[in-house]
Amino acid sequence: MEAFGLLLHGFAVLMTWKIMALMVIGLVLGIFVGVLPGLGGPNGVAILLPLTFTMDPTSAIVMLSCIYWGALFGGAITSILFNIPGEAWSVATTFDGYPMAQQGRAAEALTAAFTSSFIGSLVAVLLITFLAPMISSFALKFGPPEFFAVYLLTFCSFVGLGREAKHKTVISMALGLLIAGIGMDTVSGTLRMTFGSNELLRGINFLVAVIGLFGISEILLTMEERLALRGHAAKISLRVVINVWKDLPRYWVTLLRSSFIGCWLGITPGGAIAASFMGYNLAKRFSKDPESFGKGRIEGVFAPETAAHASGTAALLPMLALGIPGSGTAAILLGGLMVWGLNPGPLLFVEHKDFVWGLIASMYLGNVVGLVIVLTTVPIFASILRVPFAAVAPMIVVSCAIGAYAIQNAMFDIWLMLGFGVVGYVFKKIGIPLAPFTLALVLGNRAEDAFRLSMIGSGGSVGVFWSNGLVGTITTIAITLLFWPVIDRIFAGVGRMLRPAQPSQAA
Amino acid sequence: MSNTDLEIIVDDPTAPEPDSPAVCSSRTVEIIVCLLLLALAVTLGIDNYSTGISWDSTGPQPGYFPFYLSVILGGASLYGLVVTMLARAVPSDTFVTRAQLRRVLLVFVPTALFCLAMQYLGLYVASFVLIAGFMRFVGRIAWWKSLLTAFIFTAIMFATFDIAFDVIMPKGPLEAAFGR
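Chains as they are written, first to last, in our numbering: chain A, 25 to 531; chain B, 799 to 978.
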């Protein structure tokens with residue numbers, strides 16, 4: 025059990041007062057971010073990233089990942105008490121959580137949500153602990169063609185499996201890759217797409233774009249809505265917690281099923297949102313009494329929360345093992361790794377053992393501490409919503425500006441942030457997804473380098489991507505996924521032709 | 799369960815009216831965005847073409863990868879343009895209503911002014927003005943509350959970034975007067 029020993033070492037790394045304090049600060053900030061409308065996991069992490077520039081990488085990642093866990097916990101509070109999903113992945117939690125609050129069972133619903141979040145992420149962390157080192161040691165054999173094939177797989181699965189219109193995903197991705205290419209070319213040193221501008225020489229910083237795309241645009245979107253709200257205040261007593269926990273074993277099938285769905289969707293770039301809906305729908309379908317869902321059934325809280333949290337956590341697995349983020353927030357954390365001077369990818373497990381195992385250990389610890397914090401402090405966080413948005417909005421703007429400026433000390437970045445804010449607002453409103461854009465921005469240069477290095481190695485033949493079994497399989501899967509909707513339709517069409525006798529069912 | 803009977807109610811005095819007329823449809827915006835992206839794709843494509851998209855002794859030239867990306871971007875936005883143009887207009891498809899646009903501008907314009915003011919007044923003074931002004935005029939919150947909140951928040955930011963973490967921010971005459 026090598027992983028186990030290394031994990032213990034990771035816990036040892038964490039056991040300093042400084043890191044423990046940062047962990048608690050991160051969790052509290054994260055819950056804050058999750059509760060407030062107009063801020064979410066990716067925004068919170070992006071805005072607070074500059075705070076960590078002066079820290080050592082281990083403290084920095086512990087604090088940032090705790091912000092992420094906190095945001096995952098916090099999203100449930102507003103969904104249940106106010107019927108306002110603080111995050112898109114907690115929409116499914118409102119279906120049964122809010123009815124429970126209306127029936128005076130808010131404390132029960134909150135306990136269920138937090139506990140199932142905890143279980144979901146615990147399953148995902150266990151998966152990371154044992155799978156990530158295996159994948160990364162396997163990936164150590166990868167050369168540039170293999171890496172490019174994996175990047176291709178990531179991009180293609182976004183296009184093929186995403187729910188948005190395909191051309192919109194392609195637009196978002198191509199734009200991200202192009203913007204990543206602005207500035208000096210890393211291989212030849214030539215300037216590209218700068219149009220003689222000195223400001224563009226540096227290239228467009230990933231974090232500046234993210235702060236604009238998520239932070240500023242989210243404020244614009246939130247302002248559109250009527251911000252009055254009405255909800256319940258709740259306090260969780262120890263008795264409620266124990267009662268809910270006593271009932272927990274009865275729902276083990278739901279919990280396990282949702283954890284599995286979450287882990288699977290988290291590793292493939294599908295995201296927590298899809299996972300939470302799928303967890304909810306499957307729980308409803310397999311239930312003996314599907315009618316009672318949506319009317320305040322505790323299972324309807326367990327299922328989506330477990331899945332969302334498992335998926336949010338599992339998204340860090342490909343980031344750690346391969347350097348490929350499974351979600352928008354993971355992409356931002358990856359951007360952070362580069363700022364701290366670490367090179368994401370399989371070598372991380374060899375060269376920076378302290379960092380990786382510290383992070384994994386912090387996932388265990390952060391979730392335990394997080395559970396305790398949310399269970400004890402719900403009333404305080406719920407009352408944060410009393411603060412009017414007119415006070416919160418300018419504060420978020422200021423934090424965004426500080427974050428964007430601090431990265432390169434450039435005034436130009438502030439204007440870029442504002443521009444990206446408008447772009448993000450328009451894109452979100454016409455349904456162009458932002459997650460592929462973020463991913464493309466952070467992976468763009470690495471994907472291009474991998475492509476060019478493999479092309480140089482092969483003397484310009486595309487055949488290098490099928491030169492051995494491994495790379496060939498990955499490339500083929502990637503291309504299959506890219507055309508998956510088409511293939512799916514062909515299969516359906518062939519199936520229908522084979523059964524011509526059956527009349528088509530007109531609804 | 800007396801706890802759960804407690805209600806939290808927050809009001810929004812300047813909320814957009816629900817029956818406000820539409821400014822433009824999503825379809826129009828989609829067409830404009832596709833046209834802009836197409837123009838961007840062409841511009842970047844030409845720039846990369848002149849950088850070099852062929853092969854030399856060291857492998858692909860620097861323009862190779864981005865050139866084909868601009869082709870993909872152009873193709874996808876052209877496809878989007880055609881699909882949107884062909885699709886029948888849906889009446890309920892509002893991009894933004896007039897009241898919503900007013901609210902969005904209500905936060906966007908101060909943000910833009912804040913960015914501008916930052917260059918002359920420094921970040922901290924500009925933040926103070928932004929927060930106090932926004933709370934007072936958009937949120938209709940009492941003057942003393944607005945000023946106090948703005949002061950406390952700006953002071954915390956200054957203490958965190960400038961004093962504790964040494965993150966350099968743009969500064970203006972006020973900071974200079976205090977010698978920081």
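Because the hints were derived from the structure by calculation, they are not lab data. Where is the CB? At the ideal position from N, CA and C, for every residue including glycine. Keep in mind that a hint or two might mislead.
Unchecked claim - Reference listing, derived: stretches of chain B covered by chain A, where coverage requires no fewer than 3 residues with Cβ under 8 Å from a Cβ of chain A: (1) 824 to 837; (2) 909 to 920; (3) 936 to 943; (4) 968 to 976.
Hints, verified against the model:
no.: 1; hint: 824 to 837; result: holds (count 5)
no.: 2; hint: 909 to 920; result: holds (count 6)
no.: 3; hint: 936 to 943; result: holds (count 4)
no.: 4; hint: 968 to 976; result: violated (count 1)
The structure fails hint 4 only (numbered hints given earlier).
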